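Enquirer: Each chain, letter by letter, is given below.
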Amino acid sequence: MNFKLTDLQRRMLDGEMGEPVRQGMELTVQLAKFWEAPSLIPVQSVHMPGASAKTARRAGRKYISWAADAGGRFVTTTTLNPGAADLTGFEIGITPETMAQQMEITESYKRMGAIACHTCTPYLVGNVPKIGEHVCWGESSAVVYCNSVLGARTNREGGPAALATALTGFTAGYGLHLKEKRLATIHAAVDYPLADGCDFGCAGYYLAKNYPDALPVYTGLPERCPTFGLKAIAAATATSGSVSMFHAVGITPEAPTLEAASGGKKLETIKIGKKEIEETRQYLNRTNDSKEVDCVFIGCPHLDYEEIERLGKLLKGRKVKADVKLWLFAANSVWNSCERSGLTQVLKDSGAVLVSDTCPNITIFKEVIASRNLRSGAVDSAKLAHYLPSWGLKMHYGTTADCIDAAVTGKWRV
Amino acid sequence: MGSVIEIKGSGVGKGIVKGEALVTKEPISFNNGVDPTTGLVIEVGHEIKGQSVAGKVLVFPVGKGSTGGSYVLYDLSDRGLAPAAIINSRGDTVIVTGCVMGKIPLVHKCDKDPVATIATGDTVEVEPETGIVRVFKKN
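In order, the protein sequence lines correspond to chains A and B.
Letter 215 of the first sequence, counting from 1, is numbered 215 in the numbering used here, and no numbers are missing.
For the numbering used here, add 1000 to where a residue sits in the second sequence, where the first one is 1.
Hints are computed from structural coordinates only; laboratory data are not their basis.
Source: prediction; values computed, not measured.
Just so you know, even glycine gets a beta-carbon here, dropped at the ideal spot from N, CA and C.
Just to be clear, a hint being listed does not mean it is correct.
As the list claims (entries may be wrong) - Output of the computed footprint for chain A on chain B, the stretches with three or more beta carbons under 8 Å from beta carbons of chain A:
hint : stretch
1    : 1058-1065
2    : 1074-1085
3    : 1118-1131
What the hints assert, rightly or not - With a straight-line cut-off of 25 Å between C-alpha atoms, the simulated PhoX-like cross-links for lysine-lysine are:
hint : chain 1 : residue 1 : chain 2 : residue 2
4    : B       : Lys-1137  : A       : Lys-394
5    : B       : Lys-1109  : B       : Lys-1138
6    : B       : Lys-1025  : B       : Lys-1049
7    : B       : Lys-1014  : A       : Lys-271
8    : A       : Lys-271   : A       : Lys-209
9    : B       : Lys-1018  : B       : Lys-1137
10   : A       : Lys-209   : B       : Lys-1109
11   : B       : Lys-1112  : B       : Lys-1014
12   : B       : Lys-1103  : A       : Lys-33
13   : A       : Lys-33    : B       : Lys-1014
14   : A       : Lys-181   : A       : Lys-266
15   : B       : Lys-1103  : A       : Lys-62
16   : A       : Lys-265   : B       : Lys-1138
17   : B       : Lys-1112  : B       : Lys-1008
18   : B       : Lys-1137  : A       : Lys-33
19   : A       : Lys-366   : B       : Lys-1138
20   : B       : Lys-1008  : B       : Lys-1049
21   : A       : Lys-181   : B       : Lys-1049
22   : B       : Lys-1008  : B       : Lys-1103
23   : A       : Lys-291   : A       : Lys-265
24   : A       : Lys-271   : A       : Lys-291
25   : A       : Lys-4     : B       : Lys-1014
26   : A       : Lys-33    : B       : Lys-1008
27   : A       : Lys-181   : B       : Lys-1109
28   : B       : Lys-1025  : A       : Lys-209
29   : B       : Lys-1112  : A       : Lys-33
30   : A       : Lys-325   : A       : Lys-271
31   : A       : Lys-209   : B       : Lys-1014
32   : A       : Lys-4     : A       : Lys-266
33   : A       : Lys-179   : B       : Lys-1109
34   : A       : Lys-209   : A       : Lys-33
35   : B       : Lys-1049  : A       : Lys-209
36   : A       : Lys-366   : A       : Lys-325
37   : A       : Lys-181   : A       : Lys-33
38   : B       : Lys-1008  : B       : Lys-1138
39   : B       : Lys-1018  : B       : Lys-1138
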């Protein structure tokens, strides 16, 4: 190891602060050794993946419950990623057994001090680190957003590492915590007017499918780039690859110019134009040969206010077809603010269901498909279009307007 | 009898494990890409879809996708369905954390590209403490 533990870290490792803290520090030190981290660093916040019965699985659930039972308490602000269920009452279609497992996980994290917001967009609900701050976040889409848009620093952390840091307050200071590891390695020149979230998703998915662990710098994103576009590109790059950060010139705090993003180094340039966007859209549609659609999911990553307002306009005066499900996903506190502001009635009037705390990707989707008898879906998220076919649902991928049209007609007419 | 090739990388884990290689040139996301209750690769269109990772020396370039992958590796290990070892061309945080937690030997940062050097069906011996991988070529 290249560094000495501080007195506090040593006492944690010696077990003076209880067994969960000891195990957390042990894992953090193992990771620090493996990654040759120059130090352990204190963090401002944790965003906890593995907050679902689906992602924690049986072994993770037992470990999380044990940590809470053994007196583990979080020493840093810790927000929870989505779980397997809507905790406000909507029954998504999981078994009672899965529901009980989810409650066990949520309650265990709460006992340790977590904020049970159960969202993949902690940056929309109050976990908003600032430029240069060190955090320990999981949820691949949030990791990319955190590094690339907020300019805070995190590696793409798995559940056990995030739990360890929540218990100790320290993370291994390697990778994207280090300024020199945050320089771009490839220039992605976008030559296409990215407008809908689906366009942004195609751009990110294409990049990471071809360069899975690159650190790209994008040029050619729209001026006044919308938050939903940045969420979409972040989620897509973290799906087809392990990209944990991008620079977007003029958006990323560390990238006022292309030269600043690369540290002055000349980079290889790849073009993302009409051909690449359209090929990616076709690729993400490849699993679905049916023109019928029986379910439409919008809100991956969870919706922001601007998206909810746009959905209101798209759905005004329209009705979701009787046998089609239109499920909209956002953080519970975002829905509450929209409810108070009168933005939700138009959605409910259309027949859309407003879902909190979960998403198709992070619930046990096999159970949802079986209990709801789903066969053919439509989404505007590259992440959902990529993952949901794994569990047996055919997917269409298009713009938000295409998806709303499918919800209203029951047909994919693109 | 085929040849033996030695690869040197950097590893985590203890002991020496030996197993049959399962190699893919495509990145893997364990969450949503591998079913933890069966050990089968389920990502639609993936090069090794339908194959089991259980007990194999699993060789792939780098992890990708969901941060839920660490707990899936831990759960596979708990169910006895984990790979015997993992060899990556490049390190990925989610894979490393899952391997440490699930006590699955892992080697990465190799001096020869493991995806090009190892073929499915080769017998592979992995010594994570030294980072040495011995490949007994089938052909």
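Enquirer: It remains to establish, for every hint, whether it holds in the given structure.
Expert: So, going through the hints one by one against the coordinates:
Remark: the stretch 1058-1065 of chain B is confirmed as covered by chain A, as 5 of its residues place a Cβ nearer than 8 Å to a Cβ of that chain, reaching the required three. Counting residues of the stretch 1074-1085 of chain B whose C-beta sits closer than 8 Å to any C-beta of chain A gives 5, which meets the bar of three, so the coverage hint holds. Proximity of the stretch 1118-1131 of chain B to chain A, defined as three or more residues with a beta carbon under 8 Å from a beta carbon of that chain, is not established by the 0 residues found. Restraint check: the Cα-Cα separation between Lys-1137(B) and Lys-394(A) comes to about 40 Å, which exceeds 25 Å; the hinted pair is violated.
For the suggested pair Lys-1109(B) and Lys-1138(B), the alpha carbons sit about 24 Å apart, so the restraint of at most 25 Å is met. Distance check on the hinted pair: Lys-1025(B) and Lys-1049(B) sit about 13 Å apart at the alpha-carbon level, within 25 Å; holds. This hinted pair does not check out: Lys-1014(B) and Lys-271(A) have alpha carbons roughly 45 Å apart, beyond 25 Å. A hinted pair counts as satisfied when its Cα atoms are at most 25 Å apart, and Lys-271(A) with Lys-209(A) qualifies at roughly 14 Å.
Annotation: proposed proximity of Lys-1018(B) to Lys-1137(B) holds, straight-line Cα distance about 13 Å (limit 25 Å). This hinted pair checks out: Lys-209(A) and Lys-1109(B) have alpha carbons roughly 21 Å apart, not beyond 25 Å. Taking the CA atoms of Lys-1112(B) and Lys-1014(B), the gap is near 22 Å; set against the 25 Å cutoff, the hint holds. With a C-alpha separation of about 16 Å, the suggested pairing of Lys-1103(B) with Lys-33(A) holds against the 25 Å cut-off.
For the proposed pair Lys-33(A) and Lys-1014(B), the alpha carbon gap of about 15 Å is at most 25 Å, so the pair holds. Between Lys-181(A) and Lys-266(A), the direct Cα distance comes to roughly 16 Å. Compliance with the 25 Å bound is thereby established for this hinted pair. For the suggested pair Lys-1103(B) and Lys-62(A), the alpha carbons sit about 17 Å apart, so the restraint of at most 25 Å is met. A hinted pair counts as satisfied when its Cα atoms are at most 25 Å apart, and Lys-265(A) with Lys-1138(B) does not qualify at roughly 44 Å.
At most 25 Å may separate the alpha-carbon atoms for a hinted pair to count; Lys-1112(B) and Lys-1008(B) meet this at roughly 8 Å. Taken as a hint, the Lys-1137(B) and Lys-33(A) pair is broken in the structure, with Cα atoms around 32 Å apart against an allowance of 25 Å. With a C-alpha separation of about 38 Å, the suggested pair Lys-366(A) and Lys-1138(B) falls outside the 25 Å cut-off, and the hint is violated. Under the criterion of a C-alpha separation no larger than 25 Å, the hint pairing Lys-1008(B) with Lys-1049(B) is inconsistent with the structure, at around 29 Å.
About 34 Å separates the Cα atoms of Lys-181(A) and Lys-1049(B), which puts this hinted pair outside 25 Å; it is violated. A hinted pair counts as satisfied when its Cα atoms are at most 25 Å apart, and Lys-1008(B) with Lys-1103(B) qualifies at roughly 20 Å. Pair hint Lys-291(A) plus Lys-265(A) does not hold up; C-alpha atoms about 48 Å apart against a cutoff of 25 Å. Restraint check for Lys-271(A) and Lys-291(A): the C-alpha separation of about 32 Å exceeds 25 Å, so the hint is violated.
Distance restraint check for Lys-4(A) and Lys-1014(B): the Cα-Cα separation of roughly 23 Å lies within the 25 Å cut-off, and the hinted pair is therefore satisfied. Straight-line distance between C-alpha atoms of Lys-33(A) and Lys-1008(B) comes to about 18 Å, which keeps the hinted pair within the 25 Å bound. Restraint check for Lys-181(A) and Lys-1109(B): satisfied, since their Cα atoms lie roughly 17 Å apart, inside the 25 Å limit. Straight-line distance between C-alpha atoms of Lys-1025(B) and Lys-209(A) comes to about 12 Å, which keeps the hinted pair within the 25 Å bound.
For the hint linking Lys-1112(B) to Lys-33(A), the alpha-carbon distance of about 22 Å falls within 25 Å, and the restraint holds. In summary, the hint linking Lys-325(A) to Lys-271(A) is not supported, as the alpha carbons are separated by about 38 Å, beyond the 25 Å threshold. Only pairs whose Cα atoms come within 25 Å are accepted, and Lys-209(A) paired with Lys-1014(B) is rejected, the gap being roughly 33 Å. With a CA separation close to 37 Å, the supplied pair Lys-4(A) and Lys-266(A) exceeds the 25 Å bound.
Taken as a hint, the Lys-179(A) and Lys-1109(B) pair is honoured in the structure, with Cα atoms around 22 Å apart against an allowance of 25 Å. Proximity of Lys-209(A) to Lys-33(A) is assessed by CA-CA distance (about 30 Å); at most 25 Å being required, the pair is judged violated. At most 25 Å may separate the alpha-carbon atoms for a hinted pair to count; Lys-1049(B) and Lys-209(A) meet this at roughly 17 Å. With a CA separation close to 16 Å, the supplied pair Lys-366(A) and Lys-325(A) stays within the 25 Å bound.
For the suggested pair Lys-181(A) and Lys-33(A), the alpha carbons sit about 17 Å apart, so the restraint of at most 25 Å is met. A threshold of 25 Å between alpha carbons decides the hint, and for Lys-1008(B) with Lys-1138(B) the separation of about 20 Å falls inside it, so the pair holds. As the CA atoms of Lys-1018(B) and Lys-1138(B) are separated by approximately 14 Å, the hinted pair is consistent with the 25 Å bound.
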